[in-house]
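Taken in order, these protein sequences are the chains called A and B. Per numbering that gives the first Met the number 0, the first sequence starts with residue 0, numbered consecutively. Per numbering that gives the first Met the number 0, the second sequence starts with residue 0, numbered consecutively.
Some hints could be false.
One-sided excerpt, in silico: chain B residues whose CB lies under 8 Å from chain A [what the hints assert, rightly or not]:
#1 L189
#2 F268
#3 S304
#4 H320
#5 Q321
The hints are simulated quantities; they were obtained by calculation from the structure and are not laboratory data. Ideal Cβ placement from N, Cα and C applies to all residues, glycine included.
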Amino acid sequence: MTKRMLIIFGLLVVASLILAACTGSTYKCDDPIGCVSYGPGEPVRIASALVISGPNADLGLDSQHGVEIAIEFQGDLFGHPIELQAEDDGCNAEGGQAAGQKIVSDPTIIAVVGTSCSGAGVPMSEVISEAGYVMVSPSNTAPSLTDPDQAWNPGYLRTAHNDKVQGKAMADFAYNVLGVRSAAAIHDGDPYTEGLARVFADSFEELGGTIVEFTAVNKGDTDMRPVLSAVAAAGPPEFLYYPVFTAEGGFLTKQAKEVSGLEDTILAAADGMISDAAIEAVGEAGEGMYFSGPDLSFSGELYDKFLAAYKENFGDPTSVFHAHAFDAANMIFSCIEEVGVQDGESLHIGRQALRDCLYATKDFQGITGTITCNEYGDCADPKISVSQLQNGEYVRIWP
Amino acid sequence: MLQRLKEIDMLDLFLWVFRTVILVVVVWGTIATIIENPYPTQTWMETIVAGIAQGSLYALIAIGYTLVYGVLFMINFAHGEFFMSGIMTATIFLAGPMSASGYLDRHPYLGLLWITLVTMVVSTAIAVLTERVAYRPLRYAPRLVPLITAIGASFFWQNYFRGLFGSEVKPFPQIAPFAGKITLGSIVVLKTHLVVIIAAILMLIGLYFFVMKTKTGKAIRAVAENKDVAALMGIDVDRAISSTFALGASMAGIAGVLYALVFRQIHFFMGFIPGIKAFTAAVLGGIGSIPGAALGGLFLGMFESVGPGLFLEGLGIPAPHQLKDVIAFTMLVLVLIFRPQGILGERLAEEKA
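Chain A with its partners taken away, still in its complex shape (with noise of 0.2 Å):
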C-alpha cells in the first residue's frame, strides 16, 4: 500500500516537473557563472553603491543622479522598465564589504554602478567579483584596483581616470611648470588620497626634486595645525600637495595660512576638492591653489540634454562625477542591449557574457569622452589638467 502510495506520488512529481518545464521558457542558459533571468514586465534591476550618507554625501548623491538620469533617458530595456537599488558605500571598506553583501545577495540584480569612494571599492570589487556580478565605478580612481598584481577583480571596471596619470601630471607641472624642487604631501589614508600622494610624490623624485615630508591626517580631523608646523619644520616646502576630499582639504587650506613657515608655499590639492562646495570651504585662503583633475570641461549636445535634466530634477551638481555615472549606466545598458537574449516577453542576460561585453567597451562615446576600456578594467580616456583657483572660479592653466 505505502509502496504503491510512494510510485504514484513519484510518478506525479515526475509529470509536474514535464509540465512545468513544457509550460517555462525553452530558454537554457549556458553563461559559465550563470543568467538572470526577467519574466514578462519584470523590471531589469541594477543596483547603485555610491556615498549617499555622511561627510561625502555631495559626491555620492550626485554621481547616483546621474545614473538616475541615465535610466531615464534609456527608458527600457528590451520593453523592461529599469529599476534602481540605491545602496550605500558609507566612503569606507566596511560599507563597501556591506553594500556589496547586500547586492549579491539579490539575485535579480544584472550590475551595479558603483563605488564612490576607493577605500570601499577595494572590497566590494572582491564581492561583486566572487559572487559572478560586475561593476563600473564613476569616481575610484585608486591606482590599485585595476593593478592585476594588487586589487584588481574581474568583475571590476571604471569609467573614472587612474591616478598614476594624475599624480604624474601634477608633480609634472610642479617641476617643470612652477619650477619647484622642493615638495610635501599629505594624505588621509584613503587609498585614493593615499595612492594619488605617492604618486606624485614617486614622480617628483623622480623628477630629481626633494620630498621633504610625506604624511598623513585622519578622516574627520579639524585640527590640522600640529601636521603643517611638521611639515613646516621638515622644510619648508616650496610646493604642498594634499589631494584629500572638501572637509579636510578646507581645514587644510585655512590653516596652512596660520601656521609660520607655510605662508609662502604653493598650495595645491586634486579633483576630490573640484566642486563649489569645495571653492566655498578654502574661501579666501584657497585664491591662487592649483587642483589637478580630469579635463572636464564636457561639453557637446548629450551634456547640455543631461544637464538640463539634472537641473530640472536636483538642482546644481555637487560633483563632476555625475558625467561618469552617467557613462557608467549607459556602457551597461548598451552591453545589456548586446547580450541581452529575448525569449517571448522574458530578458535573459548571462554574467559572463556581460561581463565581457563590458571589457571589450571600444569607442564608446560618452560624456566624458570616448571610452575604451583595456584588459583591467580602466576605461576612462584621461585628460589631466590643472586649474588655479582665481576671484572664486576654477581656472583651466595647463596644459
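For this one, chain A is given, so just place chain B on it according to the hints.
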C-alpha cells in the same frame, strides 16, 4: 613562592604587561624625540596653544555629557548634534548673510553677539525638545534603552540638518578683529585661539556659579543626588532635568561658535567626532564631575596636539599625526585601567553604578 605566582590572575598579568609596554613606548619615544629635536621651540609653542584651544572646546562640550550623566545616568550621544545644530543654523541664517551684506565688517562684535545668541537658543531648543520627545517617556526604562534612543536621536538630527541645509561644507566668515596672530611675551599665538581659551574659562566659571549659587542649580544638584527625595521636597524633577539639558546644550552652543571662529567651516557631520572626543574627555576627567570634564577636555586636547610629535616622531613612525586618535583613545584605555573613576571622579556608590 610558586603558590603566590599561581594566584596572579591572567588578566592582571595582561594589564601589567600592557601598562609597561605603553609606558616604555611613551618614555622611549619622548626621549628619542628630545634627542632628535625635530621642531623649533616656536613650533612646540604653537602646538601647545593649539592643543589648549582644542581642549577648551572639548571641555565645553564635555560639560553637557557630564551634567546629563550626573542627573540621569545616561550617556547622551545626541549631544554632539546639539553642538552642530546651533552654529549650523546661525551660519546659514546670520553669519552668511551678515558677511555678504558687510554688516559683519562694520559691527563685528555686535554681529558675533547675535550669532552667539541664536546659536545658544537653537542648541538649547533642540536639546529640550529631544529630552521631551525622546528621553522623558523612557525615564524609567532599563538603562540601555535611553542610550540606544540617544544614538537614534543623534542620527535623526544629523540627517535632519542635512536635509534642511544640504550636505556641503559651509564656510563661516572670518571676523576681522579675530584674524591674524598676536605676540604674548615670546610666543606668537593665533587670536582665535586666545579667544577660545578665555571664553572657555569664563564660561566654566559662570557655569560653576550657576550650578552652585542659583536656585535652578540647586534643584539640579538635588535631583542628581536623589530624584525621589528631591520630588518629595517639592522640586519639579522634570523641570530640573530640562534645565540640565538646556545648560549643557547652551555650553555646546558656545563651543559651536568658538569652533566656527577657529576653523571657519561648518558641516552637518561636524558634531559627531567632537561629540565622541568630548565623551572621552568626560570619562577621562571622571564622568559626573564638572571640573573633571574641564580637566579631561584640556588633557585630551593637549595630548592629541602634542602627543604625535612628542611620542611617535622619535620612534620613526611615518605619518605620526594620523595616529592622534590612537593616542587619545589609548589615554582613555589607560585611565580606565589605572583609575576607572577618571581623574577627578569619585567611585560611584552601589545604587548609582
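Against the structure, the hints come out as follows:
no., hint, result
1, L189, "holds (6 Å)"
2, F268, "holds (4 Å)"
3, S304, "holds (5 Å)"
4, H320, "holds (4 Å)"
5, Q321, "holds (4 Å)"
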